[in-house]
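Visitor: Order-wise, the sequence lines are chains A and B. The working numbering numbers the first residue of the first sequence as 1254 and each following residue consecutively. The working numbering numbers the first residue of the second sequence as 1254 and each following residue consecutively.
Keep in mind that the hints are not guaranteed to be accurate.
Claimed, not checked - Covered by chain B, per the in silico footprint, the following chain A stretches (three or more residues, Cβ under 8 Å):
# : segment
1 : 1320-1329
2 : 1337-1346
3 : 1551-1562
By construction, these hints were calculated from the structure, which means they are not laboratory data. All values derive from a computational prediction rather than experimental measurement. Don't be surprised by glycine CBs; every beta carbon is placed ideally from N, CA and C.
2 protein chains.
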Amino acid sequence: MRLPSIPEFDKETAQKAADRQDKLTKPRGSLGVLEELSIRLAGIKGEEYPSLINKAVIVMAGDHGIALEGVSAYPAEVTPQMVLNFLKGGAAINVLSRQANARVVIVDIGVAYDFGEVPGLLNRKIAAGTRNMAIMPAMTREQAEQALQAGIDVINGEREKGLDIVATGEMGIGNTTPSSAITSIICGMPVKQVTGRGTGIDDSGLAHKISIIEKALSLHQPDPQDPIDVLSKVGGFEIAGLAGVIIGAAANRIPVVLDGFISSAAALIAAGLAPGIEYNLIASHQSVEIGHQVILQKLGLTPLFDLGLRLGEGSGAALAFPILDSAVRVLKEMATFADAGVTDKG
Amino acid sequence: MRLPSIPEFDKETAQKAADRQDKLTKPRGSLGVLEELSIRLAGIKGEEYPSLINKAVIVMAGDHGIALEGVSAYPAEVTPQMVLNFLKGGAAINVLSRQANARVVIVDIGVAYDFGEVPGLLNRKIAAGTRNMAIMPAMTREQAEQALQAGIDVINGEREKGLDIVATGEMGIGNTTPSSAITSIICGMPVKQVTGRGTGIDDSGLAHKISIIEKALSLHQPDPQDPIDVLSKVGGFEIAGLAGVIIGAAANRIPVVLDGFISSAAALIAAGLAPGIEYNLIASHQSVEIGHQVILQKLGLTPLFDLGLRLGEGSGAALAFPILDSAVRVLKEMATFADAGVTDKG
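Between the sequences and the hints, there should be enough to build the whole structure, so can you do that?
Guide: As structure tokens, then:
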């Protein structure tokens, strides 16, 4: 497949933002990460005063054949149930997005349920769930490419409605399992060092989950140099779709706020397909899932906060939006030393 | 002086909030600190669905005689200049409060400048700055009590306008110096372990600052068991005023969001005067100032985030407001498993 090209970080505009930060009425650097974010966003967007008015959280939902192996604390029927909850506005991501003034875009990219025509649900279903990767590849190579393209198409559609920044979210019972598999392969780490309890399995459940992932990796031998091979053998449709969202956003200078472990596994795939894309990614939070920090380190990203979250849906990313709003408003709205008649440091 | 009494944490209402969190459509505990915050706020306010609509950041401004000793990177004239910047809306705290939908209350509690009548400035001036604590006590015991009372009065005035939650902020060139002195005495730590670079002094400036604080403490021998003795000998008017704000807020079940080092030094004084008040305090961020973590540990508080901030003004506390809003909205607005028809974990 042909991927869109990724523009370069706009160093000149970022430097203008940095110069302005140094003239604002505060000790230089005293707003720490807020200053850095405003400068990064200026460079990503190529705007001296980056605008973040139009925000969206794109939530991709998909099911996983591997759920049959008992890797999750919840049954697979929860995936479509939660999709319906999203559409009614009752899930955490709905509440957090209202607070953040972001719209929520729900995409069925591979749920094992026939929703029919449901208002508000984007139907981009590739298949009714992946296959059980403990036995066979999760999807075909063609399906992996279709899911990537679906993500790119979704971001292009949202861009036409107005989109200044996007957050990644997902729903899919069992999806920490493919995320751990992807992380293990691409980061070259043992499975047990990148596998956590997901929605809340116990010790024996965790040991079982690790052995299942090890079995799948041993069976399929995905090629870490070929992200689509990894996706198709041990990935998930929502992970592939989010990788497409991440690439499509970067192609359009739309910064991407990553949520937790699954979103970051998608970013690993995206970075494999489009090296250099990392500058366009903002890590919102440090998830409880132990594989998350391995990915963030690989991508060179530092999360903004750690609130002990392990929900997914885009919840941590939505929580980051007000911090990003604050960063760009400081850059635009604060007075300079000269304007305010405040004596600068000698 | 007589201090208002502090109500107890409402365990019963907190338990109701905890019970509801366990019924919402997410794995139990998966929203981590957000869940804990919503439960704490329910218990603080005695409201099953705590409301945080009316928010204020109270910024107390004062000058410090110790600034004459060259302990700050900025000259003392910056204190009144920044007060005027606050009143014009050009400072960081103005921008961050607009983003957080909080009003900013600016109080002159001891600036060494005659503002005359300025719209929007609350005049509660105790004196035109403290005295130089390297030579004499910073203030009289009576002045310390007046400043505490001024803080209590300010919070009562704001409460009458409607106030659901309050953040503490301050401005005062040189005020990390009294904050380090207070922290050293009350936490029983060597001065050099609780003294940082403030707005940005260099290595020799830092060594000088430490020696000045050591000199003042040696000269006055403040009694760590007597917070008003500590305040009067090595404190500051804005620190005393904020201690009053913190006590007055707790007396009225108004949760207090602490900013950084100076606000937390005020909380140390408040906790000394009103033991048990800690439950009413929410630590917003971990400041760059090294003494801050010592105070938070002493008060048993965990900050919500660390964004490398060292500005003061209430900036970190204002950034925490949207997180708190998110916490109470999750509690109130999310659907339960039963309502949404989502299968719960077995």
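Visitor: Report holds or violated for chain B covering the segment 1337-1346 of chain A, Cβ cut-off 8 Å, minimum 3 residues.
Guide: holds (count 6)
Visitor: Mind taking a look at whether chain B covers the segment 1320-1329 of chain A? Criterion is 3 or more residues with CB to CB distance under 8 Å.
Guide: Per the Cβ count (3), the hint holds.
Visitor: Test coverage of the segment 1551-1562 of chain A by chain B using CB-CB distances below 8 Å; three residues minimum.
Guide: holds (count 6)
Every hint, counting from the list given before, is met by this structure.
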